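Q: Residues per chain, in single letters:
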Amino acid sequence: MQELIQQVVSGLANGGIFASLALALVLIYNAMGLLNFAQGEMAMFATFIAFTFINHGVSYWFALPLTVAIAFAGGVLIQRVVIRPVERAPVLTLVIVTLGLATLINGAAGFFFGYVPRVFPSPFSVSTVNLLGAYVSYQDMGVIVVSGVVLVLIYLLLQRTTIGLTMRAAAHHREASRLLGVRVSWMLALGWGLASAVGTVSGIMVAPVLVLEPNLMQTIIIYAFAAAVLGGIESPLGAVVGGLIVGVTVNLAGAYIPFVGGDLQLAVALAIIVGVLVVKPNGLFGRPSVRNV
Amino acid sequence: MQLIQQRLRTAPPRYWLVLVVAMFFVGLPTVVSSFQSSEWTQVLIFAIVIMGLNILVGYSGQISLGHGALMAVGAYTSAILIHRYRVDYLVTIPIAGLLTGVVGFLLGIPALRLSALYLALATFALAVVTPSLIKRPVELTGGVQGILIAAPDPPQFAKDAFAAITGGPAMTSDQWMYYVSLFLALLLFWFAWNIVRHRPGRAMRAIRDREVAAATFGINVAAYKTMAFGISAFYAGIAGALYGLTSGFVSPDSFPLALSFQLLVGTVIGGLGSIAGPLVGGIFTFWLPIISSQFVSSQPWIPAQIASAFQKAGPAVTYGALLIVIMIFAPNGIVGLVFAGYVRLQARLRGAGDRGTGQMPPDPQTV
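Protein chains in written order, with the working numbering: chain C, 1 to 293; chain X, 1001 to 1367.
Note that these hints are calculated values from the structure, not bench results.
Quantities reported herein were computed from a predicted structural model and do not represent experimental measurements.
Accuracy of the hints is not assured; some may be wrong.
On the chain C side, residues computed to face chain X include the following (Cβ under 10 Å) [said to hold, decoys possible]:
{"id": "1", "residue": "A89"}
{"id": "2", "residue": "L94"}
{"id": "3", "residue": "I105"}
{"id": "4", "residue": "A108"}
{"id": "5", "residue": "I221"}
{"id": "6", "residue": "I222"}
{"id": "7", "residue": "I233"}
{"id": "8", "residue": "D263"}
{"id": "9", "residue": "A267"}
Just so you know, even glycine gets a beta-carbon here, dropped at the ideal spot from N, CA and C.
Only chain C is shown next, with the shape it has when bound in the complex (with noise of 0.2 Å):
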């Protein structure tokens, strides 16, 4: 029992990063119907940024929300230069551009930062703590902290403000939205900022858990994959249950399944996406989608 509830847990901080980087999916899902496959790739190079501020002997608390901010005009970047050329074409061409990037991104990274595995401190003391009577690290509970706070702060932002109802109306009617007086083309980009600055709190979450390498997200993006299409690929909230659901389902299955073991957790993620997709492709949370002939 004690067990479980510390796989559990660790599960959890686990499905916080995930959710933070399958709901920057979402957002750019939701701004213009394309999986970035080079999210995770963005979230690892600022991740680098935040490193460099680090061992530079800035604070760990005031490198934080300088890289978000910066990954933030990164984002913003990115779909002005990058994505915007190829706004209308075909979904091929969108997720070629992507993986584009994703490749270029990372090479860029080993390019700048070398490929030698860092280690990326973190605030939070590994030592653990007594809950109700399973013991659990500062650590993960630090990450579930810091991973809810983002999610309710892009859940206001989106929900309670003007500028986030603008953003969903310029994803949900282009047409009506510019008719209205929206400038729908810097939504869009504002849709890339945001979850830029969202998927690198998971990178600086995920960091200290593995090492900083240029590869570090390569297999957290699966993760985030697979936690955004189990909440359905246009749901916020989808994507943070799912987040969540995943992480606690690996953990277990990497603790409990002895053919799963450590390194076939990957493949439980793959299992998930492709069942989902095939049996539920609208997810959990989705809505059905209907199409026009």
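Since the structure of chain C is provided, determine the placement of chain X on it from the hints.
A: Just chain X now, with coordinates in the frame of chain C:
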């Protein structure tokens, strides 16, 4: 005799181009070193798998980011047959192709239910998971270490013929594998050329362009889509088997996600939906990283530190940048660019002003 002469005179120019290219590849090992032949073998293997990917992406309009995983199936099939069951390596190549084709066909069935975006996602996940899936059955796949394959010895007649023609030493294993790959590449390109020009190709293009309309015309959409997946995987399986045979070993790390990307890059760079595209794509994906890193390290004005960082990161940077630039400025790839230029040149030579008559140039996507 007269008939042959007439045939020769009326042959379209592209037939001559094909002949020249084929002769270039047949003659190549007689003038370059054995090692250089082995490099060009890699080009041919890339060309084969990219041809298969092109049938899937360029003609049937489905996407796969998991062709590296399918290559792994082919390579491991061949390696296991050779290593465990002592099957002759030449026999394992078609078996690997057929088995991978079946796997691809089975993958194509759930793929029917997925939109392009989700298909990309599912195959992407497959490519990421494959290396750890391969490691699991250790007795069969050799786990992390993989399987060693002895270099195939060329048959006596080939050795003698090669020595007689070049007047040098007998044929090496690398050169023999080059010719095996070339033979298969020619065969598979010819096969693809026939598929895309006839009923299946027309059906696949119709599905790509307007699926609902294709279905109303009586095209069996599901059958052709899964068939495209199967054929595409068959190509990947053959290429995978050759990949293992030429590199002398297969291991889980021979088939990383980067390989699947590289294949997609090759498909896009060469040109989606063209027969010449995969060859161009194969040449580019193989030589681009090598040439670009050689170029960077040979420039005296580039500091050594930057040059050495570029050695490792260079391919990813060049591939990524190129992929984006090509998609934005030349979505039909290099072959599409050349073809469009050729059409424009011809129009100018004929003196027929496109603008005057308002005639549209032919769509370079349809071959």
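Q: Each hint should be assessed against the structure and marked as holding or not.
A: For each hint, the structure was consulted:
1. Because the beta carbon of C/A89 sits about 7 Å from the nearest beta carbon in chain X, less than 10 Å, this interface hint is met.
2. Nearest Cβ of chain X to the Cβ of C/L94: about 9 Å, under the 10 Å cut. The hint holds.
3. The beta carbon of C/I105 is positioned within 10 Å of a beta carbon in chain X (closest approach about 7 Å), and the interface hint is therefore held.
4. Checking C/A108 against chain X: minimum C-beta separation of about 6 Å stays under 10 Å; hint holds.
5. Against a cut-off of 10 Å between C-beta atoms, the interface hint on C/I221 holds, since the closest Cβ of chain X lies about 8 Å away.
6. The closest approach between the C-beta of C/I222 and any C-beta of chain X is roughly 5 Å, which is under the 10 Å cut-off, so the hint is satisfied.
7. Given hint, C/I233 at the interface with chain X, holds; its Cβ is 9 Å from that chain's nearest Cβ, closer than 10 Å.
8. For C/D263, the suggested interface contact is upheld, since its CB lies about 5 Å from the closest CB of chain X, less than 10 Å.
9. For the restraint placing C/A267 at the interface with chain X, the shortest Cβ-Cβ distance is roughly 5 Å, inside the 10 Å limit, so the hint holds.
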